[in-house]
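**Student:** The primary structure of each chain is shown beneath.
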Amino acid sequence: MPAVRELELDLDAFEGPFDLLLSLVLREELPLQEVDLAQIVLAFVEHLADKGELDLDACGEFLILISSLLELKARAMFPEEEAELAELEPEEAAEELARRLAEYRRAKEAAHWLRDRLDERRDLHFRLGPAPLAPQPERKLAPQDPEKLLAALRLLAVEPPSPSTAHMALRFPPVSQFLDRWRSLLRRRSRFDFDQEVEGLSRVEVAVASSRSSSCASRTRWRSRRRRRSRR
Amino acid sequence: MDSPLRLITTEVTPADELARTLEALLVVASQPLPLEELAAAAEADPARVEEALELVAERFSEERGGIVLEHVAGGFAFRASAAASEACARLFEKPIEKGLSQAALETLAIVAYLGPLSRPEIARIRGVNVDGVVAGLAERGLVAEGGRENEFGAIRYRTTPLFERIFGLESLAALPRADDLGADVREIRGRLEQVAEKRPA
Chain A
12 MPAVRELELD LDAFEGPFDL LLSLVLREEL PLQEVDLAQI VLAFVEHLAD KGELDLDACG
72 EFLILISSLL ELKARAMFPE EEAELAELEP EEAAEELARR LAEYRRAKEA AHWLRDRLDE
132 RRDLHFRLGP APLAPQPERK LAPQDPEKLL AALRLLAVEP PSPSTAHMAL RFPPVSQFLD
192 RWRSLLRRRS RFDFDQEVEG LSRVEVAVAS SRSSSCASRT RWRSRRRRRS RR
Chain B
2 MDSPLRLITT EVTPADELAR TLEALLVVAS QPLPLEELAA AAEADPARVE EALELVAERF
62 SEERGGIVLE HVAGGFAFRA SAAASEACAR LFEKPIEKGL SQAALETLAI VAYLGPLSRP
122 EIARIRGVNV DGVVAGLAER GLVAEGGREN EFGAIRYRTT PLFERIFGLE SLAALPRADD
182 LGADVREIRG RLEQVAEKRP A
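So the sequences go chain by chain: A and B.
Going by my numbering, the first sequence opens with residue 12, and the numbers climb by one from there.
Going by my numbering, the second sequence opens with residue 2, and the numbers climb by one from there.
Careful, some of the hints might be misleading.
Looking from chain A toward chain B, a few residues come up when the C-beta cut is under 7 Å (computed) [stated by the list, open to error]:
#	residue
1	Q44
2	L125
3	G140
Since the hints were made in silico from the structure, they are not lab data.
We treat Cβ as the ideally placed atom computed from N, Cα and C, and that holds for glycine.
Next up, chain B with everything else stripped away, as it sits in the complex (with noise of 0.2 Å):
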């Protein structure tokens, strides 16, 4: 009866139990889930869920399996590891991603970062018209349509959730701060001055 064996405990935890759950409903889904929808899902309390999520975390993770867990746009969801990366991009594509031009990611930026935004509310910022690149990423699903300017104005854009998913932000706030990038005002006004100096009158 006594048998080393018994060292190993096959008794589980409710935390355990709850992680099990979790890991269940987010090999099902698609697309990242968020804490209230498992919370709801697995009928526990978030802040259990929360702590369950850690336990998931860390036996689903680059250093344990093929299997990571990561919190992106505002959910929960697995991802290959790093490691199998070859061997998934033999077998899968990234469509989404695959091709965006300059023009392209500039767009995203202005719509991440001040969305939502109609299309010629872009096009101001950018110099440019800018309908062909909204409407090939709304083809991706990197923004959508996002309400109008007034009852009869023009379709607002915002991003998508898949963009939070792509670039993996947790959500918008992820992004680094708009000040942080870029040279301020007075930088690029001296310049500006400088090359009204150097212009012949």
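Isolated chain A (complex conformation) (with noise of 0.2 Å):
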């Protein structure tokens, strides 16, 4: 159903449609724990309530993706005691439960200490600043040998080679190559395509060209649909 992997999703961790979450989540590029599928139900109820009608497709689809997604994101969060945990036989199962509950239960309690500690402490002021400076520790160098500073000095001293900067010349074609070969044509017709008879060249090769041309255009007339569309 295109409606539910398409919901669009704006989470703490990740901005997109449901299906990329998808995606995401299982090539583990994006950790589930970061998740909060609470949002995930909470858009799509919200997409349910603004549709106005109950697909009923739809909530099928989500719930088993929601369900599976939820699965996986309580299996992420002990990943070494799942194995371990399915093994154990009930009694064992209830034990070990009973054993995370009173741990969990020390840590509500050590928290309500400490948060009684804060109220003894509430009306005790003192000075507080930035952590005092560390002494730098001494940079030791290994014996240096001066021949060998000496020497890596002078390899700083040379000159470096000046940079080249041939590839920045315009480079243009002989004159006489292009002079030649209007001459020659001229003397076999009277009239030719100018565009024809530079197509292929180079912008620099067109310019020299147009230049011979227009040298050798005193005996013949030379038309050029290049400058004629130039002008308008």
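If you follow the hints, you should be able to join the two separate chains into one complex; please do so.
**Tutor:** Here's what the structure looks like:
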């Protein structure tokens, strides 16, 4: 059912369609522990409310997806104990559960004690400053050879090769090349199509060719479509 | 020459002198100074420093003045007297402990008793994700990173000296014994069984 998969989510850990969230989780690119599943349920319920009709197929699919996510998340929270707990006898499992509850109870009691302690000290003020500057550990260098230092410095003192600017220079093709070409052409024909003749040449070559062709033009009329186009 | 004023002795004993030096060190310090550090700075024997500290504690007590010496977070520090608390509160806030939630205190308790612990380990005990809570505690400076589970493992957290300072503990050993806290396993087990019996099969 596309309605569920395209459900747009805006969570703390993720923003986008539900479908993408699923594939990220399955590819283990998004830790499920960071995803608030309750927010997804809320988003879906809101989505249903917006639609105003109860789409049973969508609800069914959503239930399946969200419950598998819940199971995955629960398993991810106790990765190494999963197998361990499954093997426990009911009696042992109850013992383990009681042990954990006791552990949490102790944490709660300790938190309570800390709260009382804070209350006792509520009226006590003291100066709190940044941590003092730790003495910087002395850097010890290995014994150095002055000759080696000199050699290293000499290397640095050598003038670097000046960079080449050859690639920046415009390379003009020899003018004579085009002059000869136009002359032989004009000997054979009285008119030719300039664009056709210079097709495939670089801009610089076309420019040189053009300058040569105009010097030949005194003898013959030549027309360039290019020129006419540029005038328009 | 024999005026009664001579009864007031101006002679300073070595212990007095050491006490004065310690007072000076403590007033400059922004956090508790351990005995060894005081001894090193005063260039005195730790045993003598301990004696001199008793003199300082006598002089700076709740009964005597506005400044009180306390033994906290593995060291010695001055604080304001409780009598001056209202005036202090008008001028100074206590941002670190202000607004600590129940979740934050539980997490702090778990780290203080069982740390260093990684966030998943804390989450296992509390039963919910603790990432946000731990980040908040770290921001307040009450917990800090203390190594990793293994080379590439999760970061472990421990409580900081600031935690001991805020809660007025000489050290983590000053926390009540874990065994004295909460119900024991057997009692909880009994209650679980009662619930299980009531549940329709």
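**Student:** The structure should be examined with respect to each hint, and the outcome stated for every one.
**Tutor:** These are the hints, each one checked on the structure:
Using the Cβ-Cβ criterion of 7 Å, the hint placing Q44/A at the interface with chain B is satisfied: the shortest such distance is roughly 6 Å. A hinted interface residue such as L125/A counts as satisfied when its beta carbon comes closer than 7 Å to some beta carbon of chain B; here the least separation is about 5 Å, so the hint holds. Because the beta carbon of G140/A sits about 2 Å from the nearest beta carbon in chain B, less than 7 Å, this interface hint is met.
Every hint from the earlier list agrees with this structure, and none is contradicted.
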